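Chains Z and W, in that order, are what the protein sequence lines are. In terms of the numbering used here, the numbers along the first sequence are unbroken and rise by one, the last being 316. In terms of the numbering used here, the numbers along the second sequence are unbroken and rise by one, the last being 293.
Honestly, the hints are just simulated from the structure, not real lab data. Just so we're clear, the structure is a prediction, and the values are computed from it rather than from any experiment. Note that the Cβ used here is the ideal one computed from N, Cα and C, for glycine as well. Just so you know, not all the hints are guaranteed correct.
[Stated by the list, open to error] Below, a list of computed lysine-lysine pairs in the DSSO-like style, where the Cα atoms sit at most 27 Å apart:
#1 K283(W) / K15(Z)
#2 K268(W) / K244(W)
#3 K282(W) / K13(Z)
#4 K282(W) / K7(Z)
[Said to hold, decoys possible] Some chain Z residues judged to face chain W by a derived CB distance under 10 Å, without partners named:
#5 E226
#6 R227
#7 K239
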Amino acid sequence: MAFEIPKINYTGKIKEITIGAGNKTATVGGRDCYPFHLFEGTMPHPPIIAMEIWDMEPDNWPEAAIEPFKDVISDPPAWAKKCVEEYGAQIIVVQLKSTDPNDKDRPVDEAADMAKKIVDAVPVPVVFWGTAVSEKDEQVLKKIAEVCEGENLSLSPVEEAIHKSVGASALGYRHTVVASTPIDINLAKQLNILLGNLGVQDEHLLIDPTTGGLGYGIEYAYSVMERLFQAGLTQEDDKLQIPMINNLGNEIWKCKEAGLPKDELPTMGEPGRRAILMEAVGAVCYLLAGSDILIMRHPESIKLAQEMINDLMAEN
Amino acid sequence: MFIIGESLNVISTKIGRAFKERDPVPIQEEAKKQKELGADFIDINLGPARKGGPELLEWVVKTVQEVVDDIPLALDTSNIEAIAAGLAVCKGKPLINSIMCRKERYEKMLPMCAKYNARMIALLWGPQGMPRDENERAELTVELTYAANEAGVPNEDIFVDGIATPVNVQQDQVYSLLQFMPMVQDIGEGLKSTCGLSNVSNGSPDHLRPILNRTYMAMLEKCGLYSAIADVYDRDLVDIAKGKRPDIVEIIGKVMDEEAIDMSSLSKELQDYAKTTRILLKKSLYSDSWLEL
Numbered sequence: 001m002a003f004e005i006p007k008i009n010y011t012g013k014i015k016e017i018t019i020g021a022g023n024k025t026a027t028v029g030g031r032d033c034y035p036f037h038l039f040e041g042t043m044p045h046p047p048i049i050a051m052e053i054w055d056m057e058p059d060n061w062p063e064a065a066i067e068p069f070k071d072v073i074s075d076p077p078a079w080a081k082k083c084v085e086e087y088g089a090q091i092i093v094v095q096l097k098s099t100d101p102n103d104k105d106r107p108v109d110e111a112a113d114m115a116k117k118i119v120d121a122v123p124v125p126v127v128f129w130g131t132a133v134s135e136k137d138e139q140v141l142k143k144i145a146e147v148c149e150g151e152n153l154s155l156s157p158v159e160e161a162i163h164k165s166v167g168a169s170a171l172g173y174r175h176t177v178v179a180s181t182p183i184d185i186n187l188a189k190q191l192n193i194l195l196g197n198l199g200v201q202d203e204h205l206l207i208d209p210t211t212g213g214l215g216y217g218i219e220y221a222y223s224v225m226e227r228l229f230q231a232g233l234t235q236e237d238d239k240l241q242i243p244m245i246n247n248l249g250n251e252i253w254k255c256k257e258a259g260l261p262k263d264e265l266p267t268m269g270e271p272g273r274r275a276i277l278m279e280a281v282g283a284v285c286y287l288l289a290g291s292d293i294l295i296m297r298h299p300e301s302i303k304l305a306q307e308m309i310n311d312l313m314a315e316n
Numbered sequence: 001m002f003i004i005g006e007s008l009n010v011i012s013t014k015i016g017r018a019f020k021e022r023d024p025v026p027i028q029e030e031a032k033k034q035k036e037l038g039a040d041f042i043d044i045n046l047g048p049a050r051k052g053g054p055e056l057l058e059w060v061v062k063t064v065q066e067v068v069d070d071i072p073l074a075l076d077t078s079n080i081e082a083i084a085a086g087l088a089v090c091k092g093k094p095l096i097n098s099i100m101c102r103k104e105r106y107e108k109m110l111p112m113c114a115k116y117n118a119r120m121i122a123l124l125w126g127p128q129g130m131p132r133d134e135n136e137r138a139e140l141t142v143e144l145t146y147a148a149n150e151a152g153v154p155n156e157d158i159f160v161d162g163i164a165t166p167v168n169v170q171q172d173q174v175y176s177l178l179q180f181m182p183m184v185q186d187i188g189e190g191l192k193s194t195c196g197l198s199n200v201s202n203g204s205p206d207h208l209r210p211i212l213n214r215t216y217m218a219m220l221e222k223c224g225l226y227s228a229i230a231d232v233y234d235r236d237l238v239d240i241a242k243g244k245r246p247d248i249v250e251i252i253g254k255v256m257d258e259e260a261i262d263m264s265s266l267s268k269e270l271q272d273y274a275k276t277t278r279i280l281l282k283k284s285l286y287s288d289s290w291l292e293l
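Next up, chain Z with everything else stripped away, as it sits in the complex (with noise of 0.2 Å):
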């Protein structure tokens, strides 16, 4: 008897979402199998990582972070567009660091004025990503939205607590929601289901399942995403058929091995390549979880996961 590979029986499918409007569109998801199980189903778009920048210039950054961009690090419109033009990035992902009430605390207009400065820089779709301080990022979103009408923006982290004002404001001004739940896979049907009774439709609606750093909960994260696509895959849950976004280089650069120097952490190699390193096995882990947008930050992690993708991704 011929041996027979054994496959999954899938009944449901990832929703297509589209983000970004008019000529600056990128779209995910509309995979109907595993993440790169094409031998047993399709992903008609791959995961596309988007890169970040910040709203102002880092101040805690490794210096092997900072070397790609130092000649734009403190021109948030001129890196966004960088991003784009040297490297190609497909989305961009604003990280709205200046607006931290624990730091520099910008205020909303600023803020948005910033923000509507880099949207209108880049020819790609743009995320906006707060501070998790929920508070602060419901005002900032909500400008966001309202300076930016139409652009379709994601914005995130929308949180159970800020779901309703801020779910509201991107219906109004047209963007799309990045339903964020803190490593849980209930509350992140639940969150998902609120939104859909606000109104948020599917089409218009990501999935921030939380993202943890590599040795910070990365295993966490992944057995979260797994365990949401395979409701949505095989149990036909359509409230957990969502792309997903992982907000990655923010969670790796941040770590203390990203940065220490050699001398400090001899085992682990030199430091510029062993962050770069950290960030790409990270991307690995998150695109095998299902990842539909990964936010990574250096250009040589950046192709080292895009060649994987392009690997997997192969015909043959």
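With chain Z held as given, fit chain W onto it using these hints.
What follows is chain W alone, placed relative to chain Z:
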């Protein structure tokens, strides 16, 4: 289904204060109320009771028995000396709640259970804590019931507690307990069983807790559950336990047996029971809004 009333419990502010101040009135009112509502056992939960446990449990047992002496008591504290003191003054055949599957504890407690001809809850909490699945539950059951038999406690007096877990965070474990229930009779003929039922809804929205508790009880009963430590103030729950709601039990059974169900022909109440059964069978991932889907 036998119900062990859970609410004579130190975590209730009123009862906790009555324990502390040795005020018999709230305790006796609670005991009488539980009897009236249909409790088959009254659980006296002192919590850890580290200080003065023996004297307290002795006093509470006597206080309850002054007004209710025809319902057996369950003695619920982790203080072993307190259990011993309580057993000594119990009329009838008390239930020790509980003896866990840890040698250093059961070696002390099993002889006590035999000496007073008491019943015991065999809590499947092992040296490594909570069992991870139904097979580990079975292993712990074998160890603990064997030791109990050796000590002179017959299977009929052992209530195996496979541990109910909150569905909002441990849906797999909720299902695992269902899988485990039919194994109990294979391990020891005549073994009884129980579980802390309300735990299944711990963390779920308050207004939705009763339907989770009731549904899970009926599901576990279909799998062989003998008794449940539960909320006797939930009248529908007691009705289901006492066979007064065959319609609910029937629909839960149909979902479990994967019979085709025409949801639109059901009342809203029965639809909700069907949906809840599906969640507890982990056919669908739990979320607080499961009844709205």
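Unsatisfied constraints (hint numbers, rising): 5
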